[in-house]
Each structure stands twice: as C-alpha cells, then as structure tokens.
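**Q** What follows is the residue order along each chain.
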Amino acid sequence: MGINDFSSLLQLAAGLNAAYIAVDYSTRGYTQILSNKLFEFPRAIDRSFQKCEKILCEKETLNNLNPLEIVTGKSTSVNIEEYKRNFEILEKKINEEKVKLKSQIEIECEAKHFSFLSLCMFLFCTTSLFLGGLEKDFKNLAQLFFCMLGSFLLIFIFVGWTRSAEKIKAVNTVNYSKLSHAIFVFLFSFILSLVLIFFINEFLYDVKRWLLLLGLNVFYLRISFLIFFTLFPFVNFVVFLLIVRKKGVLIHKTIVEKAGQIEAECNVLKLKVDNLVSTTEFVSGLIKGD
Amino acid sequence: MEKYREFVSNLAKQRIDNTFINSDEEHALEVFVNLFQIANSNVRIFAKNLCSDVSNKPEYVEKLSDFIEKGGNVDILVNGYDKDESINSNLFKRLAYYKSIGKSIVIKSTNVKPHYKADPEKKEIHFTVIDNCAYRIETDIEKRTANCNFNNEGVAKGLVSFFESTFNESVEIDIVELFNLGSHGDK
Chain A
1 MGINDFSSLL QLAAGLNAAY IAVDYSTRGY TQILSNKLFE FPRAIDRSFQ
51 KCEKILCEKE TLNNLNPLEI VTGKSTSVNI EEYKRNFEIL EKKINEEKVK
101 LKSQIEIECE AKHFSFLSLC MFLFCTTSLF LGGLEKDFKN LAQLFFCMLG
151 SFLLIFIFVG WTRSAEKIKA VNTVNYSKLS HAIFVFLFSF ILSLVLIFFI
201 NEFLYDVKRW LLLLGLNVFY LRISFLIFFT LFPFVNFVVF LLIVRKKGVL
251 IHKTIVEKAG QIEAECNVLK LKVDNLVSTT EFVSGLIKGD
Chain B
1 MEKYREFVSN LAKQRIDNTF INSDEEHALE VFVNLFQIAN SNVRIFAKNL
51 CSDVSNKPEY VEKLSDFIEK GGNVDILVNG YDKDESINSN LFKRLAYYKS
101 IGKSIVIKST NVKPHYKADP EKKEIHFTVI DNCAYRIETD IEKRTANCNF
151 NNEGVAKGLV SFFESTFNES VEIDIVELFN LGSHGDK
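Protein chains in written order, with our numbering: chain A, 1 to 290; chain B, 1 to 187.
Keep in mind the hints are simulated off the structure, nothing from the lab.
On a predicted model such as this, the values are computed, not experimentally measured, just so you know.
Heads up, some of the hints might be wrong.
[Said to hold, decoys possible] What follows is a set of in silico ranges between Cβ atoms, one per label pair, in the way DEER data are often shown: (1) E25(B) to E257(A): 38 to 46 Å; (2) I21(B) to T162(A): 24 to 32 Å; (3) G80(B) to G260(A): 44 to 52 Å; (4) K103(B) to K272(A): 19 to 27 Å; (5) N267(A) to S165(B): 44 to 52 Å; (6) T279(A) to V106(B): 43 to 51 Å.
Built from N, CA and C at the ideal position, the CB exists for glycine as well.
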C-alpha cells in the first residue's frame with residue numbers, strides 16, 4: 001500500500017480545496033453555507049421572535065377598538081393610542097434586534113483564514129499526487145517526504161484552527177488572511193521536509209531498528225501515517241463545521257435571552273390590551289339601546 | 001422602489017442640497033419619512049386636512065411619533081379642516097394623544113390658500129418644512145407632485161416666514177376636546 005493507492009481521494013481533496021479557495025476568499029462561502037444552510041442560524045433567529053410577532057398582531061384589535069367614555073367620565077382613547085404606540089416601538093425593536101443578531105452571526109461565523117488553509121491543503125494534495133508518481137522508484141523517500149510535509153503543515157493548520165485570523169496576525173509574522181502567505185508557509189514546509197528526509201534517510205535503518213525496539217510495528221505505523229495524511233485535507237472542512245457550530249451555540253444563548261426579554265414586554269402589553277378589551281365589552285354591556 | 005428609497009435616504013442622511021421632484025403617494029411617503037427622521041426641533045406642516053392616505057399611513061404616523069417623543073415641536077396649519085374626517089384619522093388620534101400628555105403640538109385652521117408669487121394661475125400649494133433647512137413643497141395637490149430638498153436654507157426660511165405669519169393669525173383646533181381626552185383613562 002502506498003500514496004498512489006489513495007490518488008483518487010487526494011484528487012478529490014485537491015478539487016474541493018481548490019474550489020473553496022476562490023469561493024471563500026471572495027465571499028466567505030463555506031462558513032456562510034454552514035451558518036445559513038446547514039445550521040440555519042438566521043432562521044433560528046426568526047423562529048425565536050415568532051411568539052413576539054404573533055402577540056403584535058393584537059395591534060389590529062386596537063385599530064378596530066372604539067374608544068369609550070366609561071361611567072366615571074373617563075375615556076379609553078388615550079390608552080388605545082398609548083398601546084398602539086407601544087406596539088410600534090416593540091415591532092421596531094424586534095426588527096432591529098433581528099438585524100443585529102443576524103449581523104453578529106455573520107461576523108462570528110466568518111473565517112477569514114479558511115481560504116489560506118484550503119490553499120495549503122490544495123498544494124499538499126497536488127504534491128502528494130506527484131509523489132505518488134515517484135513512489136514506484138523511490139518508495140521510502142516519497143512516503144517519508146509525504147508524512148514530513150504533512151506534519152509541518154499540520155502545525156500551521158492547527159494554529160489556524162485554534163485561533164482567529166486577527167489573533168494569529170498579531171502574534172506571528174504569518175498573515176492567515178493573505179493567500180500569498182499560504183504559499184510561503186507551504187514552500188517553507190516543503191524545503192524543510194526536503195532537507196530533513198535526506199538526513200533521516202541516511203539513518204533510516206537505525207530509525208526502523210529503534211522503532212522495533214520500542215515495540216512499534218513499522219508496517220502498521222507507516223500505513224497509519226499514510227491514511228492519516230491522506231484524510232488530512234478533508235479534516236479542515238470537518239473542523240470548521242465544528243467551529244461554526246460551537247460559535248452558533250454561544251450566540252444561541254444570546255438570541256434566547258433577547259427574545260425572552262422582548263417576549264416579556266409583549267406579554268405585558270398584551271395583558272393591558274386584553275384588560276382594555278374586557279373593560280370595553282363590560283361597559284358596552286351596560287349600555288342599552290333604544 | 002428600493003433604489004428610490006436608497007436615493008432619498010442618502011440625500012437626507014448626508015443633507016445634500018439637491019432639489020428633486022417626485023409625485024404619487026408612495027414616493028411622497030418616502031420623502032416625509034426621511035424629513036421627519038432628520039428633523040431636530042421643528043416640523044411645520046401646511047396641508048388641506050391631513051386626512052389623506054399618505055398622512056395616515058403607519059410609517060408617516062410612526063416617524064412623526066418618533067420626532068415628537070424626541071421632544072420636537074409640531075405646528076400644523078390646515079385650510080380644509082373637516083371635523084368628521086379628522087375623528088376617523090389615525091394621525092389626528094395620535095396627535096391628540098400626544099397633546100393630551102403635554103407634547104408640543106399645535107393645530108390651527110386657516111382660510112389662506114398659498115401659491116407661488118410668480119404663478120399667474122395662483123395654483124394652490126401645500127408644504128412641509130423641517131427646522132430651517134429641509135422641505136417638501138407640493139406644487140400640484142391633485143397629482144401630489146412636489147419639489148423636495150433636504151438642505152436649502154434659503155427656500156426653507158422663506159417657507160417658515162410665511163408659515164409663521166399665517167399661523168399667528170389662525171384659530172387653534174382643540175384636538176384634545178375633539179377626541180374627548182380631557183380626562184383620560186387609568187394610567
């Protein structure tokens with residue numbers, strides 16, 4: 001078993017990553033798709049405010065409620081207008097809150113470094129396909145280089161997964177928002193791997209002996225590494241799925257809190273309207289026709 | 001219509017001195033909404049009776065309500081006051097409510113029919129002027145054709161001057177009494 005046996009999978013990974021480099025760089029496509037289509041966060045926001053919006057339909061009752069001068073000489077006109085105005089304010093508040101939350105979701109779920117990581121993966125995949133061609137004559141070197149390159153890239157990718165692009169920019173010289181830096185990272189890993197494999201190859205026999213002494217099966221170890229780094233380019237998509245989901249869960253708490261606050265205000269207003277309607281009905285019941 | 005909204009909103013927010021003309025109720029409403037949004041202290045309205053479709057649209061009433069709640073003054077002159085229509089008007093109901101709780105709203109009735117000095121036909125005009133800088137002058141009150149500008153002090157001050165002189169000589173309409181708000185419901 002070798003790299004060449006996984007060439008179809010590597011081709012698929014290369015294609016997927018290449019597609020998302022272009023799409024994601026311009027439109028933040030992948031994370032937006034996860035947010036809007038898979039987890040449907042905007043729809044969840046709309047659903048959270050549905051109860052409030054149903055209560056706001058009571059405004060129609062007020063529009064058709066005739067003011068009454070009740071027996072003690074007081075009119076309900078002021079109350080009707082006051083409650084109508086409160087409904088307008090609540091409606092405005094709900095719309096503003098929905099826009100704010102949707103905007104917050106978009107910002108939180110945005111991953112400016114996704115295209116950087118995709119480019120690294122794409123370059124890794126294309127190099128691996130090339131190594132698959134060399135594997136027939138230089139099996140050990142090709143597989144060693146494959147694993148070494150994957151390992152160095154894994155370090156950069158792992159930093160990308162665990163930090164936002166802004167935080168990474170502040171700490172390191174690598175700018176995860178720039179695709180050119182992805183190429184530099186890849187070239188750096190490539191050259192370093194190239195240098196190291198020649199060094200390790202000299203002592204490969206000794207390395208195998210040490211591994212055997214440690215009780216590790218070299219064959220299974222080699223297969224494990226091959227499989228791991230073949231699947232490595234797909235892991236990026238899965239990790240971002242989990243990142244977006246985690247961010248969504250955090251924002252969901254905010255959504256529930258805001259919707260709850262507004263719903264409470266809507267319920268108070270509904271109670272007032274119900275009281276007004278009851279009063280009107282009661283007073284109307286006291287008036288007799290000619 | 002979405003592009004027109006953006007166009008008007010941009011002129012209003014940036015207070016651009018650009019006179020534009022519009023007609024029909026939908027476009028008129030858009031201008032009124034933006035005028036009330038940028039108003040700081042005074043809204044002066046000269047109209048027939050403010051019982052038309054435009055002035056009773058929810059957006060018109062809401063934006064004017066926002067302005068009143070900000071502490072603004074609303075002075076209205078009508079030259080075709082109709083008591084029966086006013087009782088059924090959403091705008092009048094809202095203005096009466098705000099008047100009853102002490103907001104600065106004065107509505108007066110007049111017989112004056114304003115027109116451009118240079119107009120030989122003396123075609124009647126109506127207008128809304130915001131502070132001393134923005135206005136909408138309805139030059140054809142049937143078709144709702146109007147000249148609008150969000151930042152022209154020269155014309156706006158002229159309108160204010162005419163409005164104030166007519167306003168001072170006009171009779172106030174007691175809208176609180178009209179809706180029987182003298183003593184109001186439990187608060």
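**Q** All the hints need checking, so say for each whether the structure fits it.
**A** Comparing the hints with the structure gives:
1. E25(B) to E257(A): 38 to 46 Å: 41 Å, holds
2. I21(B) to T162(A): 24 to 32 Å: Roughly 59 Å apart at Cβ, these two residues miss the hinted range, so it is violated.
3. G80(B) to G260(A): 44 to 52 Å: The hint (44 to 52 Å, Cβ to Cβ) holds, given that G80(B) and G260(A) are roughly 49 Å apart.
4. K103(B) to K272(A): 19 to 27 Å: 21 Å, holds
5. N267(A) to S165(B): 44 to 52 Å: Given about 51 Å between the Cβ atoms, the range holds.
6. T279(A) to V106(B): 43 to 51 Å: 32 Å, violated
Of the numbered hints stated above, those contradicted by the structure are hints 2 and 6, listed in ascending order.
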